[in-house]
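Q: With the hints as your guide, set chain Y onto chain V.
Same order as they appear, the protein sequences are chains V and Y. Position 223, counted from 1, in the first sequence is what the numbering used here calls 223; the numbers after and before it change by one each time, with no gaps. Counting from 1 along the second sequence, just add 301 to a position and that's the residue number in the numbering used here.
Just so you know, the hints here were simulated from the structure itself, not pulled from any lab data. Treat the hints with care, as some may be off.
Below, simulated PhoX-like cross-link-like pairs (lysine-lysine); rule was C-alpha separation at most 20 Å, straight line [to be verified]:
no., chain 1, residue 1, chain 2, residue 2
1, V, K218, V, K131
2, Y, K364, Y, K307
3, V, K62, V, K33
4, V, K100, V, K241
5, V, K5, Y, K306
6, V, K5, Y, K334
7, Y, K519, Y, K506
8, Y, K363, Y, K456
9, Y, K306, V, K33
Quick look at which bits of chain Y chain V covers, simulated, 3 or more residues with Cβ under 8 Å [unchecked claim]:
no., stretch
10, 527–534
11, 564–573
12, 581–588
Treat the numbers as computed from the prediction; the structure is a model and nothing was measured. We put the beta carbon where it would ideally sit given N, CA and C, even for glycine.
There are 2 protein chains.
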Amino acid sequence: MSEVKKIIECVPNFSEGRDLDKIEKIVNPFRGKDGVKLLDYQRDEDHNRLVVTVVGEPEAVKKAVIEAIGVSTELIDLRVHEGQHPRMGACDVVPFIPIKNVSVEEAIELANETAKELSEKYSLPIFMYEKAAKNPQRENLANVRKGEFEGMAQKMSQPEWAPDYGPASVHPSAGATAVGVRMPLVAFNVNLGTDNLEIANKIAKNVRFIGGGLRFCKAMGVELKERGIVQISMNMTDYTKTALYRAYELVKIEAKRYGVSAVGTEIIGLVPMEALIDTAVYYMGIEDFSMDQVLETRIME
Amino acid sequence: MSEVKKIIECVPNFSEGRDLDKIEKIVNPFRGKDGVKLLDYQRDEDHNRLVVTVVGEPEAVKKAVIEAIGVSTELIDLRVHEGQHPRMGACDVVPFIPIKNVSVEEAIELANETAKELSEKYSLPIFMYEKAAKNPQRENLANVRKGEFEGMAQKMSQPEWAPDYGPASVHPSAGATAVGVRMPLVAFNVNLGTDNLEIANKIAKNVRFIGGGLRFCKAMGVELKERGIVQISMNMTDYTKTALYRAYELVKIEAKRYGVSAVGTEIIGLVPMEALIDTAVYYMGIEDFSMDQVLETRIME
Chain V
1 MSEVKKIIEC VPNFSEGRDL DKIEKIVNPF RGKDGVKLLD YQRDEDHNRL
51 VVTVVGEPEA VKKAVIEAIG VSTELIDLRV HEGQHPRMGA CDVVPFIPIK
101 NVSVEEAIEL ANETAKELSE KYSLPIFMYE KAAKNPQREN LANVRKGEFE
151 GMAQKMSQPE WAPDYGPASV HPSAGATAVG VRMPLVAFNV NLGTDNLEIA
201 NKIAKNVRFI GGGLRFCKAM GVELKERGIV QISMNMTDYT KTALYRAYEL
251 VKIEAKRYGV SAVGTEIIGL VPMEALIDTA VYYMGIEDFS MDQVLETRIM
301 E
Chain Y
302 MSEVKKIIEC VPNFSEGRDL DKIEKIVNPF RGKDGVKLLD YQRDEDHNRL
352 VVTVVGEPEA VKKAVIEAIG VSTELIDLRV HEGQHPRMGA CDVVPFIPIK
402 NVSVEEAIEL ANETAKELSE KYSLPIFMYE KAAKNPQREN LANVRKGEFE
452 GMAQKMSQPE WAPDYGPASV HPSAGATAVG VRMPLVAFNV NLGTDNLEIA
502 NKIAKNVRFI GGGLRFCKAM GVELKERGIV QISMNMTDYT KTALYRAYEL
552 VKIEAKRYGV SAVGTEIIGL VPMEALIDTA VYYMGIEDFS MDQVLETRIM
602 E
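The following block holds chain V by itself, in its conformation from the complex (with noise of 0.2 Å):
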């Protein structure tokens, strides 16, 4: 009966964390819009650097974003920034996220818009990373900001680092910036009934893409000292394709090896509803489930 509404969020990065008035300057753009919702902001001083977390309609998103890249591109200069975080530009990455009603192409496109009239309006050269990266050699944000801002004008005279957008040169104080598409990611973690960090080490090992387990699965073993006991700290990089109980169970069986067993678990910081009801789906064994049943799915329609 109503319009199918389409939100997505963005987490820009920008190289400020100490200075609040420009904080709040950059941050600024992001308030009082029709169609855009900041959820957060938080400095790191010793990272010298700002993440926001902001949702809304696509365009309104874009355009918000747009507006405090530009604040940014004022504000910050990349030749006296120090700070413990790698980064190679005043908005160092803006990944935009797919929330509801967003596909991942459509996502791209999005990307793609915004990295275009970044080029044209500032100056920037861009780089697309992540699921909008245009080589496989780009998906990688880590890759692409090796050499930091103090490398990039090296690094870009190369011609397969040449930017997807934008002039082939660095921007003299704001550097570069990557923008990408990437799903919501959910830190998920589990503790164990031991305090052996070896066994923590190795069962993440095991339930990790690289070591042969689930595909969108990160995972390492960290000690927590004032509990007495280890966890699996997982990152959940895609919990549509890798649902967050496989990752459960999967830390179960290959904790049994060790006659270890699950003490609980720990989600840090936001969590689309959706990868908790699907456990919850898969848990009861709820047949012919639609997200459409969900009341908040209707309420936010």
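A: Relative to chain V, chain Y alone:
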């Protein structure tokens, strides 16, 4: 960073399931209003009844509901109404259901304001029922409605059946209306690997409240003839207190006595996300989880 948004649901039932023109006129006040979202309306010709589901901001929903009841009072004449469903009024029942950031107490206050205004505007006698009942005899809607429209004049002549608001006599054409507050219902069924209805009935008796089972669970055995199995068909009347997983696990435990297993479950119609997220949190043992970590909760704020 943003104001807390309150969401209430209302499911008014009107005694008109046949005349499409009248139905559209009754539903119209729920359309095109800020803060009011018409989720669904379903008419039943045999019942000669219309069930409207609307959500939104409490004040806006209240106003729209009062307007629609005004229309129904003009269009529906109980003296010529026939249908299979018991009814006592043109607008028969008006349950308010707290959905988000609304306490039961706030919903009860809203229900009372609605009742008062309905009685004053349209000279309707109003009975408060379920969680809004002013005495225990009126908690059960069936008690309140007993006698139906035709017997209401005589019933209301007894002092113990004086209405909570409005005149002590039936409205000549629109009868009387029950206004109440209840929690969202979840229709949750567990399918069993047997065709023995007797077993299903015995299990249903043990898990439901009246048989000594779970406080907010109604249950009965049902045959699914085309599949050759039986089902425990349950109405979960307060999932915040009697969780879905508890009913599911208890059905399995009772079924064990007969050597029968659960072969699947069903959720019929709408379900609040919290009912399923709570279930996921239980099965994976997620520690310290808060509904504020759910992305959609934040988007809806």
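Q: Does each hint hold? Answer for all of them.
A: Taking the hints in turn, this is what the structure says about them:
A hinted pair counts as satisfied when its Cα atoms are at most 20 Å apart, and K218/V with K131/V qualifies at roughly 17 Å. Of the pairs offered as hints, the one joining K364/Y and K307/Y holds, with about 15 Å between alpha carbons and a cut-off of 20 Å not exceeded. Under the criterion of a C-alpha separation no larger than 20 Å, the hint pairing K62/V with K33/V is consistent with the structure, at around 12 Å. Our distance criterion of 20 Å between C-alpha atoms is met by K100/V and K241/V, whose separation comes to about 16 Å.
The straight-line distance between the Cα atoms of K5/V and K306/Y is roughly 19 Å, inside the 20 Å bound, and the hint therefore holds. Using a Cα cut-off of 20 Å, the hinted pair K5/V and K334/Y holds, with the two alpha carbons roughly 18 Å apart. As the CA atoms of K519/Y and K506/Y are separated by approximately 9 Å, the hinted pair is consistent with the 20 Å bound. Between K363/Y and K456/Y the CA atoms are separated by roughly 28 Å; this puts the pair beyond 20 Å, and the hint is violated.
Between the alpha carbons of K306/Y and K33/V the distance comes to roughly 17 Å, so the proposed pair stays at or under 20 Å and holds. Judged by the Cβ-Cβ criterion of 8 Å, the stretch 527–534 of chain Y is not covered by chain V as claimed, because only 0 of its residues qualify and three are needed. Residue count for the stretch 564–573 of chain Y with a Cβ under 8 Å from a Cβ of chain V: 9. That meets the three needed, and the coverage hint holds. With 7 residues carrying a beta carbon less than 8 Å from a beta carbon of chain V, the stretch 581–588 of chain Y meets the three-residue requirement, and the given coverage holds.
When each numbered hint is compared with the structure, violations occur for hints 8, 10.
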